[in-house]
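If you want the building blocks of each chain, they are given just below.
There are 2 protein chains.
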Amino acid sequence: MAFEVTILGNSSASPTPNRHPSGQYVSICDHYLLIDCGEGTQMQLQKYKIKKSKISQIYITHVHGDHILGLPGLILSMNLMKHDKPLHVYGPKELFDILDVFFKHSNTEFCFPLHYHALDTEKPAIIFENLYYSVKTFPLFHRIPTVGFLFEEHSILKKLNAVACQKLKIPFTHFNDIKMGKDYISPEGKVTLNELLTFPSTRPLSYAYCSDTIYDERVIQAIHEADYLYHEATFMHDKLDRAIQTMHTTSKQAGMVAKKANVNKLIIGHFSSRYEDLSQLLTEAQTEFENTELAEEGRTFIIE
Amino acid sequence: MAFEVTILGNSSASPTPNRHPSGQYVSICDHYLLIDCGEGTQMQLQKYKIKKSKISQIYITHVHGDHILGLPGLILSMNLMKHDKPLHVYGPKELFDILDVFFKHSNTEFCFPLHYHALDTEKPAIIFENLYYSVKTFPLFHRIPTVGFLFEEHSILKKLNAVACQKLKIPFTHFNDIKMGKDYISPEGKVTLNELLTFPSTRPLSYAYCSDTIYDERVIQAIHEADYLYHEATFMHDKLDRAIQTMHTTSKQAGMVAKKANVNKLIIGHFSSRYEDLSQLLTEAQTEFENTELAEEGRTFIIE
Chain A
14 MAFEVTILGN
24 SSASPTPNRH
34 PSGQYVSICD
44 HYLLIDCGEG
54 TQMQLQKYKI
64 KKSKISQIYI
74 THVHGDHILG
84 LPGLILSMNL
94 MKHDKPLHVY
104 GPKELFDILD
114 VFFKHSNTEF
124 CFPLHYHALD
134 TEKPAIIFEN
144 LYYSVKTFPL
154 FHRIPTVGFL
164 FEEHSILKKL
174 NAVACQKLKI
184 PFTHFNDIKM
194 GKDYISPEGK
204 VTLNELLTFP
214 STRPLSYAYC
224 SDTIYDERVI
234 QAIHEADYLY
244 HEATFMHDKL
254 DRAIQTMHTT
264 SKQAGMVAKK
274 ANVNKLIIGH
284 FSSRYEDLSQ
294 LLTEAQTEFE
304 NTELAEEGRT
314 FIIE
Chain B
14 MAFEVTILGN
24 SSASPTPNRH
34 PSGQYVSICD
44 HYLLIDCGEG
54 TQMQLQKYKI
64 KKSKISQIYI
74 THVHGDHILG
84 LPGLILSMNL
94 MKHDKPLHVY
104 GPKELFDILD
114 VFFKHSNTEF
124 CFPLHYHALD
134 TEKPAIIFEN
144 LYYSVKTFPL
154 FHRIPTVGFL
164 FEEHSILKKL
174 NAVACQKLKI
184 PFTHFNDIKM
194 GKDYISPEGK
204 VTLNELLTFP
214 STRPLSYAYC
224 SDTIYDERVI
234 QAIHEADYLY
244 HEATFMHDKL
254 DRAIQTMHTT
264 SKQAGMVAKK
274 ANVNKLIIGH
284 FSSRYEDLSQ
294 LLTEAQTEFE
304 NTELAEEGRT
314 FIIE
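Going down the list, the sequences are from chains A and B. Position in the first sequence counted from 1, then plus 13, gives you our numbering. Position in the second sequence counted from 1, then plus 13, gives you our numbering.
Watch out, some of these pointers could steer you wrong.
Copies of the same chain are indistinguishable here, so a pair counts whether it falls within one copy or spans any two.
Each computed DSS-like pair below joins lysine-lysine, with the alpha-carbon atoms no more than 30 Å apart [unchecked claim]:
#1 64 to 106
#2 117 to 106
#3 149 to 106
#4 272 to 98
#5 136 to 195
#6 252 to 95
#7 95 to 195
Because the hints were derived from the structure by calculation, they are not lab data.
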């Protein structure tokens with residue numbers, strides 16, 4: 014039950030054939046989520062052998078095209094594939110206007126429950142919570158209403174003793190209960206005590222997602238001590254004027270945010286198409302925060 | 014001044030990483046057009062080294078996602094690239110509702126004139142005409158209002174004598190005038206008679222585009238004796254029930270349309286993602302109409 018993030022796109026508004034607009038696939042506590050959904054996200058999921066059918070929640074930061082234009086097509090494809098589980102979409106209320114007009118005119122009838130959750134983009138909120146993790150929003154500072162997301166495991170979970178579970182051939186459908194502290198009862202009625210199947214609770218992990226935003230220290234409180242931080246780094250710092258004008262962050266500033274927020278690792282992305290060689294953006298961020306990596310497409314980060 | 018069609022996508026509603034939704038790039042009489050604009054079209058244009066900035070007209074058949082979901086992103090990218098010429102978009106009126114809601118909420122300010130042309134989807138019409146070519150619509154028969162397009166050169170044009178023009182170093186900006194029958198006057202005032210720079214008028218060529226539609230012989234009159242016909246062939250004929258249910262055409266039926274319309278060549282496309290090997294669709298269409306080819310992505314057909 015790894016907490017993982019796979020990068021589907023690392024481009025800012027102008028994609029290239031090899032760099033796609035924003036999209037990330039997240040697995041957390043056996044739930045599968047998408048953050049942002051730029052044009053081509055459904056093809057990227059296929060390219061990286063990720064099943065669309067697993068996705069149950071989609072989190073959208075704002076309604077600029079490079080963050081949403083893959084969403085109608087993804088939902089349509091799930092519908093064509095006879096998706097049969099609820100799909101929850103979280104985003105600014107304007108998103109649902111856009112989806113509704115398209116689905117109305119394209120005369121789309123859904124074979125699964127599609128739930129819209131309009132976000133308050135002006136103040137922090139907990140927008141999803143179950144026994145295992147929660148999702149919080151916080152305002153970002155961009156040209157239109159935009160939120161960041163913080164995905165946090167709950168401390169309640171014990172760490173699974175995978176070897177012991179495998180030896181007893183315990184079906185994975187019981188793993189969440191076991192991590193919650195329950196004993197395992199086999200179909201024959203034999204009880205195995207929870208302490209034989211788990212290790213003590215691990216420190217809960219968290220992942221913060223900040224895109225798109227101008228550099229603004231008000232963000233730091235919301236993401237303080239996140240384990241992994243994804244932060245946009247659209248420009249090199251010599252384009253600071255352009256970053257301010259378009260309300261984006263430079264690579265150096267992304268490093269400053271990571272340092273001030275005291276996160277464990279920084280992943281930078283949302284790169285302007287002017288940069289063919291991304292290593293310069295990495296090097297610049299590392300001058301401020303050494304433990305930085307590039308959001309390379311197809312790469313999976315295990316949050317640990 | 015070739016009349017050419019480049020295939021950008023040949024997939025039906027569910028794309029794959031190697032097969033994209035509908036999109037074709039057409040050059041006709043020095044004008045550059047797009048027909049349909051599925052998700053990923055802007056990346057496909059880049060992949061095949063086609064400059065977005067050349068496009069002045071976009072023709073949309075209907076507002077199903079696989080024909081329009083690349084359009085907002087393409088227009089945004091043209092805007093970001095500071096496109097500075099008018100862009101004309103032709104499509105069913107519902108298309109403009111969809112675009113307007115998105116551009117409103119994403120707070121898009123255009124740096125070029127974007128003109129919408131709402132089409133009557135119920136009866137044939139001439140929707141564009143200049144000295145060199147015209148564009149006609151005709152109804153197709155699908156689940157929502159849908160039109161086909163017929164692109165026709167005018168017979169007025171003479172064929173350029175490229176060798177003679179090159180010898181006299183005549184700038185290409187004069188070529189259209191010369192093809193219209195005008196003499197060439199050099200900057201020094203020297204007149205070259207038109208008959209020395211041209212060959213007699215060639216037969217005007219035409220290209221018909223039919224996607225999406227159920228097999229319906231009412232289409233045949235509109236596309237009769239077109240030189241090239243692109244026709245959807247979503248399914249093999251053993252899936253005729255499914256074709257009828259979803260209002261699509263089988264490969265065999267596409268061949269029947271080509272035969273009855275007495276066209277010169279048939280290009281089939283809009284293939285269901287269930288077909289990994291497209292040769293079976295080609296073979297089936299060829300049983301009805303031998304001069305059929307597959308709409309392979311990246312392939313350019315020279316209409317001649």
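We went through each hint and held it up to the structure:
In this homomeric assembly, residue 64 and residue 106 come within 30 Å of each other (Cα to Cα) only inside a single copy, at 27 Å, whereas the closest approach across copies is 35 Å. When the C-alpha separation of residue 117 and residue 106 is checked against a cutoff of 30 Å, the pair qualifies both within a copy, at 17 Å, and between copies, at 13 Å. Proximity of residue 149 and residue 106 under a CA criterion of 30 Å is satisfied intra-copy only: 17 Å inside one chain copy versus 40 Å between copies. Within a single copy, residue 272 and residue 98 get their C-alpha atoms no closer than 40 Å, and across copies no closer than 45 Å, so neither meets the 30 Å cut-off.
Taking the shortest Cα distances, residue 136 and residue 195 never come within 30 Å of each other, neither inside one copy (37 Å) nor across copies (68 Å). With identical chains, the CA atoms of residue 252 and residue 95 are at most 30 Å apart between copies only, with a shortest distance of 18 Å across copies and 47 Å within one. For the homomeric pair residue 95 and residue 195, neither the shortest alpha-carbon distance inside one copy (35 Å) nor that between copies (61 Å) is at most 30 Å.
The earlier numbered hints that this structure contradicts are 4, 5, 7.
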